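So the protein lines, in turn, are chains L and R.
First residue of the first sequence? That's 1 in the working numbering, and the numbers climb one at a time after it.
First residue of the second sequence? That's 114 in the working numbering, and the numbers climb one at a time after it.
Just so you know, these hints were derived from the structure itself, not from any lab.
Hints are not guaranteed to be accurate.
Stated by the list, open to error - Restricting the straight-line Cα-Cα distance to at most 20 Å, the calculated cross-link-like pairs of lysine to aspartate or glutamate (EDC-like) are:
hint, chain 1, residue 1, chain 2, residue 2
1, L, LYS108, R, ASP141
2, R, LYS126, R, GLU175
3, L, LYS100, R, ASP164
4, L, LYS77, L, ASP55
5, R, LYS166, R, ASP139
6, L, LYS108, R, ASP219
7, L, LYS100, R, ASP151
8, L, LYS100, R, GLU169
9, L, LYS100, R, GLU175
10, L, LYS108, R, ASP151
11, R, LYS116, L, GLU69
12, L, LYS100, R, ASP139
13, R, LYS116, R, ASP139
14, L, LYS56, L, GLU69
These figures come from a predicted structure and were not determined experimentally.
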Amino acid sequence: GNSVTQMEGPVTLSEEAFLTINCTYTATGYPSLFWYVQYPGEGLQLLLKATKADDKGSNKGFEATYRKETTSFHLEKGSVQVSDSAVYFCALSNSGGYQKVTFGTGTKLQVIP
Amino acid sequence: DVKVTQSSRYLVKRTGEKVFLECVQDMDHENMFWYRQDPGLGLRLIYFSYDVKMKEKGDIPEGYSVSREKKERFSLILESASTNQTSMYLCASSTDGFYQPQHFGDGTRLSIL
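Assemble the whole structure, with the sequences as input and the hints as a guide.
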């Protein structure tokens with residue numbers, strides 16, 4: 001079955017540091033890949049997505065590239081801000097109609113001034 | 114902006130009670146979802162609905178039922194609450210053709226005593 005593995009958190013960074021949150025997956029076929037973000041006290045929001053190999057999803061300065069050869073979808077940002085402190089979830093779903101989304105367990109990011 | 118509103122942020126109920134969690138979205142989305150979120154387990158799908166009066170079981174439907182009488186409202190029902198249903202419950206929605214949740218509510222933290 002499908003599964004998503006994220007790096008353990010929490011990740012603590014200073015403001016303006018470079019961020020990488022690792023995500024690898026196991027899936028049949030060619031899944032779509034997603035990153036969601038959950039700010040403190042709020043529900044999740046879809047941050048970015050990629051639907052095929054070598055696609056790069058981007059939003060709000062965050063990027064992730066769909067790497068089929070390494071089954072990875074790592075989240076990156078060049079310069080984090082305190083406002084980026086949140087929990088980040090990697091997820092996948094198979095393509096074609098409704099397909100269940102499989103979520104990772106989440107990685108908490110804390111950015112300190 | 115899409116708004117997904119869950120009726121309660123915090124709820125405390127007793128074992129054996131019938132519990133209703135309400136969710137309303139204001140963007141005429143076809144698809145609605147109920148998840149529960151538990152530490153170390155990520156998000157798990159309970160039920161989803163792709164149209165009024167239509168529903169599909171997710172990964173963990175046991176002990177739950179749902180109701181979708183109107184397009185904007187999706188209710189989760191705990192038929193006879195048990196302590197292992199203490200959790201954070203998240204409602205989500207997405208537009209037609211987008212089968213993954215796009216917008217989440219802020220969640221209901223439910224405690225069963």
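LYS108(L) paired with ASP219(R) [C-alpha distance capped at 20 Å]: Answer holds: LYS108(L) to ASP219(R) is near 17 Å, not above 20 Å.
Next pair to validate is LYS100(L) with ASP139(R); report whether the Cα-Cα distance is within 20 Å. Violated - the C-alpha atoms of ASP139(R) and LYS100(L) are around 23 Å apart, more than 20 Å.
Holds or violated: LYS100(L) and GLU175(R), Cα atoms, limit 20 Å. Holds. LYS100(L) to GLU175(R) sits at ~17 Å (cutoff 20 Å).
Mind checking the alpha carbons of LYS56(L) and GLU69(L) for me, to see if they're no more than 20 Å apart? Distance of about 15 Å is within 20 Å: holds.
Is LYS100(L) within 20 Å of GLU169(R), Cα to Cα? holds, 11 Å
Given the proposed pairing of LYS116(R) with GLU69(L), does the C-alpha separation stay at or below 20 Å? Judged against 20 Å, a Cα distance of about 38 Å means the pair is violated.
Agreement of LYS77(L) and ASP55(L) with the hint, judged by alpha carbon distance not exceeding 20 Å: holds, 17 Å
Given the hinted pair LYS100(L) and ASP151(R), is their Cα-Cα distance within 20 Å? holds, 18 Å
Has the given pair, LYS100(L) with ASP164(R), been kept, meaning a C-alpha gap of at most 20 Å? The given pair, whose Cα atoms are some 16 Å apart, holds under the 20 Å limit.
Holds or violated: LYS116(R) and ASP139(R), Cα atoms, limit 20 Å. Distance ~6 Å between LYS116(R) and ASP139(R) Cα, so the pair holds.
Given the proposed pairing of LYS108(L) with ASP151(R), does the C-alpha separation stay at or below 20 Å? Holds, because 14 Å separates the two Cα atoms, which is no more than 20 Å.
Quick one, are LYS126(R) and GLU175(R) close enough, alpha carbons at most 20 Å? holds, 19 Å
Violated hints, listed in ascending order, are 1, 11, 12; each of the other numbered hints is respected by the structure.
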